[in-house]
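Chain by chain, the residues:
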Amino acid sequence: MDYRDSNDPPSRRRILQAGAGLAGATLLGSGFPLNALAADKPALGNYPAGTSGSSVFIGICTPRTGTYAAQGEDEIKGYELAIEHLNSGNELMHRISPRIRKGVLGKTVKYGIADSEAKPNTAVQAQSRFISENKAIMISGSVSSAVAVAINKLAEREKVIYLPCITGSNDTTGKDCVRYSFRQCFYAETAANAIGPVLVKNLGRNKKIAFLTPDYTYGHTVRQSMQDALASLGGWTVATNQISPLGTTDFSSHLLNVANSGADVVININFGRDAVLSIKQAKQFGILDQMTLVMPYNTPFLAKEVGANIMQGVYAGTDYWWTVQDRFALAKLFNEAFFKKHNYMPEWGANSAYMQVAMWADAVERAGSFYPVDVIKAYEQGKTVQSTVGPVHFRPEDHQLVRPVIIVKGKKPGAMKSADDYYDVVEVVDGGPLMQKPDAFGCKLGSYT
Amino acid sequence: MLNWANFVSQCFNGLVLGALLALISSGLTIIYGTLGVLNLAHGAMFMLGGYAGWLAYEYSHSYVVAVVAGSLFVLVAGIFLERTIIRFFYGRPPEDQILVTFGLGIVIVELVRLGFGSLSKSVPAPEWATGITSLGFMIYPTYRLAVVAIVAVALLALYVLLYRTRLGMIVRAGIEDAQMVDALGINAYRVFMVVFGIGAMAAGFAGIVNAPVAPITPDIGGDILVQTFVVVVIGGVGSFPGAVLGGLIAGEILSITSMFDPAYSQVMLFAAMTLVLIVRPYGLLGTQGRA
Amino acid sequence: MMRRSRLQLWTPDIVVAVCLLLAPWVLPPLGFSEDTMNRILVYGLFGIGFDLLFGYTGLLSFGQAAFFGTGGFVAAYLLTIMGLPSVVSGLLIGTLAATVVGVLVGMVALRRTGIYFAMITVAIAEMFFFLENSPLSAFTGGENGLPGVPAPTFYLGFATVHIGPDWTMYGFLAVCYLVGIVIAHRIVRSPVGHILVAIRENPLRAAAVGHNVHRYKLLVFVIAAAYGGLAGGLLGVLQGYMPPDAFTFSTSGQLVMQTVIGGLGTLYGPLVGAAVWLYLRDFLQSTLGLGAAWKLALGLVFVVLVCFLRRGIVGAIVDLLRRKPAAPAGDPVEADWSADAGPTSEADATDTVRARRDGEPILKAEGLTKRYGGLVANSNIDFSVTRGELRGVIGPNGAGKSTFFKMLTCEVQPSAGHIVFEGRDITGHSVTEACQLGLTKSYQVNQLFSRLTVRENVTIAALSRERGSFRSDLVKDLTHVPGLSDRVDETLALVRLAGRADHPVSDLAYGEKRRLEIGLALATSPSLLLLDEPLAGMSPHERVETVKLLKSIARGRTMIVIDHDMDAIFELAEKITVLREGQILVEGTPEEIKANPAVQEAYLGGVNEE
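Chains as they are written, first to last, in the working numbering: chain A, 5 to 453; chain B, 35 to 325; chain C, -1 to 608.
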């Protein structure tokens, strides 16, 4: 009944020995499956319990009720599409992960979806259930860093690979990084560093900034990074920094301060509903007519919610915007497949979900085994993968994907060619130079076993 | 940071916030005062008003139609709830009433989510109230000025209803002495139905009037509900003037505190409530009657 | 009421222990994961405190998250950032912190009752949430919470047990839950537990029979906070992470819903409710594939339960088991007045001695005046009762009899004048203090604890005599209170309800309820007993019976009786005071009163009395 019987001392020792052996095996080189003889592996996490049948299970937990429900539903569509593509051996999947035939290592991928209500507590609970009941071999999903950080810890403890989906905090692959988690999306540091030069280039030097900062780690980090980058690049100064608690419903008092600050540019770091509310209200206060709005870390569906009229001329940093299909062929394939099913163009949550699953499948295929240590090591080889935003690779030191940041600018309503055509892609900023040194944010990956 | 122009504008802003809170709270308070039911689904009514109004706007593209349809829908929804469920709880302990309305609140929120999804919806401000108005010392969104006026009219209408009509007499009598209204017999129950509907409508009306200011989502009612509680406790449970006064005080506290440190604005609101409870346990304008 | 044996005392605890032991074998095949079971235990423990607060005492708090979060974050902060090595001490300090917060919050929130109380608790809990999220984020991790909470390690002498994310965690939590439920079992069976139920049923009467209701409420509020704090700490330990959402309104709401679903006032309700809630959440989402609609479905389940199954799942099961074909409810037992009902025990004998007629006034009121706004209910009343006397008070409607009585028992504070009872000035005292001094009354309208049995009613009243107005003897079994059961039996015999002792009050006939009403007052062993219209609403036959009862209890006691029934008063009282228009009209023996023309005029000139 209890798969954790393996926790008794003898098998622990066996794991350690196996781990030592594996370290040697890794040296044998890339290109080949790291270890084809799955039968040799000791039990670890849900291996081999979760891989003994003809299918493997993925646990997906995103918010479906509460503040981030819209983003959560978008992620789910991305996951479902990816898993469908995996099981059918779709061309797009094949081009990201060339070894993929049908399923992963010949096994069908099954999945379960649970509502996290955007609460870490609920998410941990749901994922724990997927791990213990469904023997999930991989878990994924998040719209907030609080959930990502919480599940990071769970993944490390349970020895199950976790792939967060939307999480902007530096901590996710910084001080709260874990061996068992890999982040695909951009984050505070790269967002700030990517958009800075674009702003100086387009808006000029010596501007005054008004910040709208949500009062939690992510918000303060982005604000600091942006402030430093803009000061050194273009001599920009801060006119005011308006801090609001998470879940603020009325920004009018903050906006009054912004309106009276004499700033040229409003940098709005709020995410989700806070972002929607603050932008709409900024418009009402006439602020957007006098100042340029910048969203360094853009929320999926923001333009749809606030309307093209307000978003025109707004600079935003994002993980993915569908019109990059003009530059990247895989994006076009993805958009088409997604649009066919859902009749709207995917947002970046859906793309992140899709790419996470595809890159995981690639790592598993390269490892030749579901044995978590092998899979992690396959990830850590840092092999370049073709993605919807061009070639990308994972940094082995902190498990952060090195990937470009897309800078977009809101279109005039008249210039939109379709209902979803809200932005022009201004620049696709190469990700490598944007990133901090791997240890700069205190990342210490845990042990493999 | 502290200058007079800013201070005055924040005070003004507090007035806008407060007016809205006052309207929602008076809905809660007249329901409680008359029926003795604390309606935890009141936040859901606020949200429902927003959605009904938004739907009406989508078809009519008229702000006025949206406001009228939103309010009427919530009036009907309130009466429906009262007839089908709430009325069976008059004879039960107050805790049961709290529990059932709490559950109904969840059901309503999730029904709306099921129907309209979680992406926020917004209703634009009417043509005549878009843009900003310069008040000399400050600029201010025209629609927010309009909100103060609209809410003031609504509060006046409620005042007339409560203090100038037969229905209002019964309602106020109920607030003073619940048993007396109970003693009025079966007729009082029709009054209960109407009062529940009107109370819900006050929240629904606020919900649609607020929609151009803050886009509506299924979860929008939750935060409002808690602030409404604070307003009602400060003003005095069951007191209509108390709800208005409490609303304005709460609005000013939220606004003025956020001028110094927004992180404390909610905290200060609750601190003010605690202070009022210690100094005047029945609220500023409350009486011992119903509470 | 026999002393419970050791075995009887421990039976429920042993049953719970066995269930917890069996659960790992029974529940997983039904689809409960280990993690789910652990969470059920945490919520179950959290809920024990809430059940004591709401289910037993009737105080509905929507702010329990404040304590859950406080306990959790204090423990997590100590164990992660401060690096406190002992997990158990971290948990205990967290619990202590929640307890202290409970005292402070309780002092504010308990100023009001009912819906006010509910709203205040919501608001205060929200304040904690905002504090945690921003101003205190340096300590709490703000929106990210505190990851890395360690699990404890125990040195058992022969072996070291590392609690890890496996069945050892279940074991650890199960032990914590067991300790929690054992303590709760004790509390429920203790005198305090009975008084809490009395407060739920009728706070006014609980105070009137001499219990300090406010302090008991604060006590149970703090106990609930402590349970919340411990559960919060355990949540952090369980998942190695303290989540900020512990502080949210929805945490409090979920606790309320789970407890109501499981069953209020059962102690196990929250555990069962948590099991149902967590299981259904998974079941609705995965098996039924409802997706986001799971919450709607659970909300509907909750509404239906509140509407139709108020006692929840455990309550329904208990009711089902109790509905055995018991002896028919039975007709009211005809009271037997032939036997001597005078003082039978030593206790009453001493009362007799105490109540010797020595001519010294036991109660003396001077210049009592009560104004309501411009209306004068009583003005300048001088009144004195001698020890051992049976005084009647009569007067036409509106003579101010009730206000006068309320002032004497300290229910209403006089506008002027003062009251001296047994040589002590009690003006401005509370009803509870007056009762503790030996002055109490039976009410004109029955004020009983109507969902309890006759014996429980009397016991609650008798407790105040034994224990004073407040004592926190939380783990003492009720049956171990010395002399209590004797006093209860005597009182029951005195009011002729011994045969009905185990019937719920709601089964009693009206006349029996009236006798119990008097019994409640008697059980507090008053040296002065006030009876407010003891014959009100009775049939002629019941009147005859009750007059006999009053005569029998009057032996060796000092009593003041108000009634409209002049014949009865003339038959009972040795001396009668007549009130009219808020003032004393005349005082004298029944004969003098009957012959007094002023009295005749007052009555004939007034409304026709029955």
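Quick caveat, the hints were computed from the structure, so don't treat them as lab data.
Quick caveat, the model's predicted, so the values are computed rather than measured.
Accuracy of the hints is not assured; some may be wrong.
[Stated by the list, open to error] Calculated lysine-lysine pairs in the BS3-like style (CA-CA distance at most 30 Å, straight line):
#1 B:Lys155 to A:Lys81
#2 A:Lys416 to B:Lys155
#3 B:Lys155 to A:Lys345
[Unchecked claim] Facing chain C, from chain B, some residues (calculated, C-beta under 10 Å):
#4 Val143
#5 Pro296
#6 Ile312
Just so it is clear, CB atoms sit at the ideal spot from N, CA and C, and this is done for glycine as well.
- request: For the hint on Val143 (chain B), just tell me whether its beta-carbon gets within less than 10 Å of chain C.
  value: 8 Å, holds
task: Would you settle whether the hint for Pro296 (chain B) is holds or violated, based on the nearest Cβ-Cβ distance to chain C being less than 10 Å?
output: 8 Å, holds
field: Closest C-beta approach of Ile312 (chain B) to chain C relative to 10 Å, hint status
entry: 7 Å, holds
- prompt: For the pair supplied as a hint, Lys416 (chain A) and Lys155 (chain B), is the alpha-carbon distance within the 30 Å limit?
  reply: 21 Å, holds
- request: Measure nothing beyond the straight line between the CA atoms of Lys155 (chain B) and Lys345 (chain A); if it is 30 Å or shorter, mark the hint as holding.
  value: Within the cut-off at roughly 23 Å; holds.
task: Decide if the proposed pair is consistent with the structure: Lys155 (chain B) and Lys81 (chain A), CA atoms, cutoff 30 Å inclusive.
output: 21 Å, holds
When the structure is compared with the earlier hints, no violation turns up for any of them.
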